[in-house]
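**Q** As a plain string of letters, each chain reads:
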Amino acid sequence: DGGITQSPKYLFRKEGQNVTLSCEQNLNHDAMYWYRQDPGQGLRLIYYSQIVNDFQKGDIAEGYSVSREKKESFPLTVTSAQKNPTAFYLCASSRSAWEGGGELFFGEGSRLTVL
Amino acid sequence: QKEVEQNSGPLSVPEGAIASLNCTYSDRGSQSFFWYRQYSGKSPELIMFIYSNGDKEDGRFTAQLNKASQYVSLLIRDSQPSDSATYLCAVNGRDDKIIFGKGTRLHILP
Numbered sequence: 001d002g003g004i005t006q007s008p009k010y011l012f013r014k015e016g017q018n019v020t021l022s023c024e025q026n027l028n029h030d031a032m033y034w035y036r037q038d039p040g041q042g043l044r045l046i047y048y049s050q051i052v053n054d055f056q057k058g059d060i061a062e063g064y065s066v067s068r069e070k071k072e073s074f075p076l077t078v079t080s081a082q083k084n085p086t087a088f089y090l091c092a093s094s095r096s097a098w099e100g101g102g103e104l105f106f107g108e109g110s111r112l113t114v115l
Numbered sequence: 001q002k003e004v005e006q007n008s009g010p011l012s013v014p015e016g017a018i019a020s021l022n023c024t025y026s027d028r029g030s031q032s033f034f035w036y037r038q039y040s041g042k043s044p045e046l047i048m049f050i051y052s053n054g055d056k057e058d059g060r061f062t063a064q065l066n067k068a069s070q071y072v073s074l075l076i077r078d079s080q081p082s083d084s085a086t087y088l089c090a091v092n093g094r095d096d097k098i099i100f101g102k103g104t105r106l107h108i109l110p
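Here the protein sequences come in this chain order: A and B.
With the numbering used here, the residue at position 11 of the first sequence is 11, and numbering never jumps.
With the numbering used here, the residue at position 25 of the second sequence is 25, and numbering never jumps.
Since the hints were derived computationally from the structure, they do not count as laboratory data.
Source: prediction; values computed, not measured.
By construction, the Cβ of each residue, glycine as well, lies at the ideal position given by its N, Cα and C atoms.
Hints should not be assumed to be uniformly reliable.
Pair ranges (Cβ atoms, derived) [what the hints assert, rightly or not]:
#: 1; chain 1: B; residue 1: S52; chain 2: A; residue 2: G40; range: 30 to 38 Å
#: 2; chain 1: A; residue 1: P75; chain 2: B; residue 2: G54; range: 15 to 23 Å
#: 3; chain 1: A; residue 1: Q17; chain 2: B; residue 2: D95; range: 45 to 53 Å
#: 4; chain 1: B; residue 1: G29; chain 2: A; residue 2: N18; range: 30 to 38 Å
#: 5; chain 1: B; residue 1: I18; chain 2: A; residue 2: G40; range: 24 to 32 Å
With a straight-line cut-off of 25 Å between C-alpha atoms, the simulated BS3-like cross-links for lysine-lysine are [stated by the list, open to error]:
#: 6; chain 1: A; residue 1: K14; chain 2: A; residue 2: K70
#: 7; chain 1: A; residue 1: K83; chain 2: B; residue 2: K102
#: 8; chain 1: A; residue 1: K83; chain 2: A; residue 2: K57
#: 9; chain 1: A; residue 1: K71; chain 2: A; residue 2: K14
#: 10; chain 1: A; residue 1: K57; chain 2: A; residue 2: K71
#: 11; chain 1: B; residue 1: K56; chain 2: A; residue 2: K9
#: 12; chain 1: A; residue 1: K9; chain 2: A; residue 2: K57
#: 13; chain 1: B; residue 1: K56; chain 2: B; residue 2: K67
#: 14; chain 1: B; residue 1: K56; chain 2: B; residue 2: K102
#: 15; chain 1: A; residue 1: K9; chain 2: B; residue 2: K67
#: 16; chain 1: B; residue 1: K102; chain 2: A; residue 2: K57
#: 17; chain 1: A; residue 1: K9; chain 2: A; residue 2: K70
Given the sequences, and given the hints that come with them, work out the whole structure.
**A** Spelled out as structure tokens, the structure:
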């Protein structure tokens with residue numbers, strides 16, 4: 001089945017530790033995204049990538065880092081510099097806009113709790 | 001700062017009535033517009049997308065776009081209890097940067 005796989009689904013970490021969230025897609029999509037969602041809020045864009053080996057900052061990139069070494073993979077690292085990392089993290093992918101894309105396919109999300 | 005604005009609600013609508021959800025956006029260069037439904041604790045799922053001015057219908061759902069007014073709406077006809085969820089408006093600019101509004105919580109009253 002085609003889709004997006006995020007792992008882990010739940011993650012607990014101590015304050016000051018870096019955490020890496022995995023996101024893998026087999027939809028052959030060029031574009032991939034990371035969003036953060038806090039309780040009762042919408043989705044805020046952290047980073048996005050339109051093509052392998054390239055990515056752009058979203059609206060709340062501070063304290064986060066990403067890589068895009070393969071088309072299928074777009075891991076997100078939550079660093080110790082992120083002041084309020086506890087949140088629900090969503091990864092998504094889509095075809096590029098020039099291919100008529102824009103519809104986002106989401107993974108099931110990763111819920112990070114920093115103790 | 002490019003923004004997408006939605007009324008947070010909650011919007012309460014009787015079962016069987018029409019629910020009307022609204023969204024405004026600030027970037028005039030935006031090219032495509034999306035409505036997602038999100039149940040509590042779950043990922044968003046696509047309901048409708050629209051690229052051109054006017055109306056687009058799909059079953060009980062109608063999306064409306066007015067680029068001159070920078071306004072997009074979603075109408076849900078014959079509202080059902082299962083429609084109770086948060087509805088997220090999303091806008092795609094020229095650079096594939098997809099921005100979401102904060103969402104509108106919809107409650108369908110039995």
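**Q** Next, verify each hint and record whether it holds.
**A** Verification of the hints:
1. S52/B / G40/A: 30 to 38 Å: holds, 33 Å
2. P75/A / G54/B: 15 to 23 Å: violated, 41 Å
3. Q17/A / D95/B: 45 to 53 Å: violated, 33 Å
4. G29/B / N18/A: 30 to 38 Å: holds, 36 Å
5. I18/B / G40/A: 24 to 32 Å: holds, 25 Å
6. K14/A / K70/A: Roughly 30 Å between the alpha carbons, so the hint for K14/A and K70/A is violated.
7. K83/A / K102/B: holds, 21 Å
8. K83/A / K57/A: holds, 17 Å
9. K71/A / K14/A: violated, 31 Å
10. K57/A / K71/A: holds, 18 Å
11. K56/B / K9/A: Not OK: K56/B and K9/A at ~36 Å, beyond 25 Å, violated.
12. K9/A / K57/A: holds, 24 Å
13. K56/B / K67/B: holds, 14 Å
14. K56/B / K102/B: Holds, at about 23 Å.
15. K9/A / K67/B: This hinted pair is violated, its Cα atoms lying about 39 Å apart.
16. K102/B / K57/A: Distance ~20 Å between K102/B and K57/A Cα, so the pair holds.
17. K9/A / K70/A: Within the cut-off at roughly 22 Å; holds.
The earlier numbered hints that this structure contradicts are 2, 3, 6, 9, 11, 15.
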